[in-house]
Amino acid sequence: MENKVTRNLYMIPYALWIIFFVIAPILLVVYYSFLDIEGNFSLVNYQNFFTSTYLQMTLSSFWYAFLITAISLLVAYPTALFLTRTKHKQLWLLLIIVPSWINLLLKAYAFIGIFGTYGAANNFLEFLGIGSQQILFTDFSFVFVSVYIFIPFMILPIFNALESLNPTLLDAANDLGASKWTTFRRVVFPLTIDGVKSGCQVVFIPALSLFMLTRLIAGNRVITLGTAIEQHFLVTQDWGMGSTIAVFLIIIMFVIISLTGIRKRGA
Amino acid sequence: MTNTIIQFNNVTKQYDNDPVVLDNVSFEIERGKFYTLLGPSGCGKTTILRLIAGFTEATSGEIYFDDKKINDIPANKRQVNTVFQDYALFPHLNVFENVAFGLRIKKMKNKEVEAKVKEALSFVNLLGYEQREIRDMSGGQRQRVAIARAIVNEPEVILLDEPLSALDLKLRYQMQGELRDLQRRLGITFIFVTHDQEEALAMSDEIFVLNKGKIQQSGTPIDIYDEPINRFVADFIGESNIVKGTMIEDFLVEFGGKRFECVDQGMNPNEPIEIVIRPEDLEITSFDSGMLKIEVTSQLFRGVHYEITGIDHDGNEWLVHSTKKAKVGDKIGLHFNPEAIHVMRFNETEEDFDRRLESYSEGEADGE
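Heads up: the protein sequence lines correspond to chains V and B, in order. Using full-length UniProt numbering, read the first sequence as starting at 1 and increasing by one per residue. Using full-length UniProt numbering, read the second sequence as starting at 1 and increasing by one per residue.
This list has only true hints and no planted wrong ones.
In silico lysine-lysine, DSS-like type, Cα no more than 27 Å apart, as pairs:
| # | chain 1 | residue 1 | chain 2 | residue 2 |
| --- | --- | --- | --- | --- |
| 1 | V | K180 | B | K68 |
| 2 | B | K77 | V | K180 |
| 3 | B | K214 | B | K244 |
Output of the computed footprint for chain B on chain V, the stretches with three or more beta carbons under 8 Å from beta carbons of chain B:
| # | stretch |
| --- | --- |
| 4 | 156-170 |
| 5 | 173-181 |
| 6 | 186-195 |
Calculated directly from the structure, the hints in this document are not laboratory data. All C-beta atoms in this analysis are idealised placements derived from N, C-alpha and C, irrespective of residue type, glycine included.
Work out the full structure: start from the sequences and follow the hints.
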């Protein structure tokens, strides 16, 4: 009896949190998505979403999120692999994680400085004799900065997966005739796929709704679903349309989570 | 083609500036026998295994396999397979694919793979378990999968790194028998690492006893049990009574303040030595007729026998295994045969030791 009471007591903060910060906002968003710009109940927002403008926006959001995730993965996996083999791995890992504690906006402004016409990057290009280039407000700078921001979130789960890999398995594969590459392909990668999946989740989903970077770094050349939501709420004041996009974003997130769902292995 | 398959020539292994793990070790392994590397943890036995498998490189010395130097050949190109202590089965593959792993790497055809895996699984009595996941297998079954995964590649040598240590006692006994039987059926070389002397004695054709990176003694289980070369081996292989003594002359040894007839010879007169008498070679008799007289200090019932401990008047402790009972505080006599006394010289090398023992049997032959 006692236990049940205390357990219910512990549940209160969690329940309150879920109700006020998860369930209520989602219900509100869903409610708003059915209101047109005059505040009447209608399905016009959903009709609008399936027009070419928004579908194209969704597609381009996906494309950039995919690019960011793929490049992050390509950089993060070898990095994590390298980190697990260094002597002071916790220190090296910390050095990679520390920048993620700094405010996103600060980092964005820093990159404006670095990539600007008179920034460090262009100075370096001049020094090499290539001459200054337009770096800021390009797809390149957008993807680059996004990857930079997301990479710690990709490295961490992969690093953890690699760390929990039993090193004897590598000896075993080697013993059975597998080369280093075959061992990686047939043993290491399949056994760390869960880390890769959760890394992709924590990168892809936020990347879908990136909005600040699109303005600061990409100069509004890249319009993602996140940017569209922001525009509708703050600029056009069309909360209904903004909510509708948000509803689709939420649905997409759930689909992605269930697609990359982590299957339980072992005991 | 000689019968030697693996040869170590003055192999030393040292990590950085740590003490040597293997100290100038040389030995030969013959085809088709069951070898055991026996020793306490940290004696270098697993290092020898890892050197043969190719997981680690020798600091100095040469390792030969089939008369070819293999120091620089990577593990995946060596014709040996390992059964690991924690089995190291691939958790993302089922039983069939675990066993098939080596064959798939060789790009063998599916049909052949299937036939070979089935054969290997039948060798370890696991037919019908092909589609099971590793997590659904018990410890003993995982053990068998690991063995099947090694033998399916038809290696010339199988290395087993304390594979039975995780099993409970009953299963361990059963697997000891099965492994020995499997080795005979396959006719290939098994090199088995263990710290369990009973396991070593029960399974091996040949035992290497290791301590502190050196091979202390090698020989058949009976040789090593009956004629331990030094205090370490005597102590490590089974329970024993080790007492300081003096070799008065050939066939006469003094210990515990008395002189006894023995079968050892070839030492210097009055050389200080140690003698070993196994507890099961001591027989309880009456106090008066005993060659040694002890006072019983403790008695444990071990099931098959009583384990009796007593002290003689010099303060030497004697351990006796007997089916006869004694009482604590009793004064009893102990009887033993001259053959029960094993004489160990201090700092005798294995070569000298072997030569000495051989000279005894020649002596016997002369006597006949």
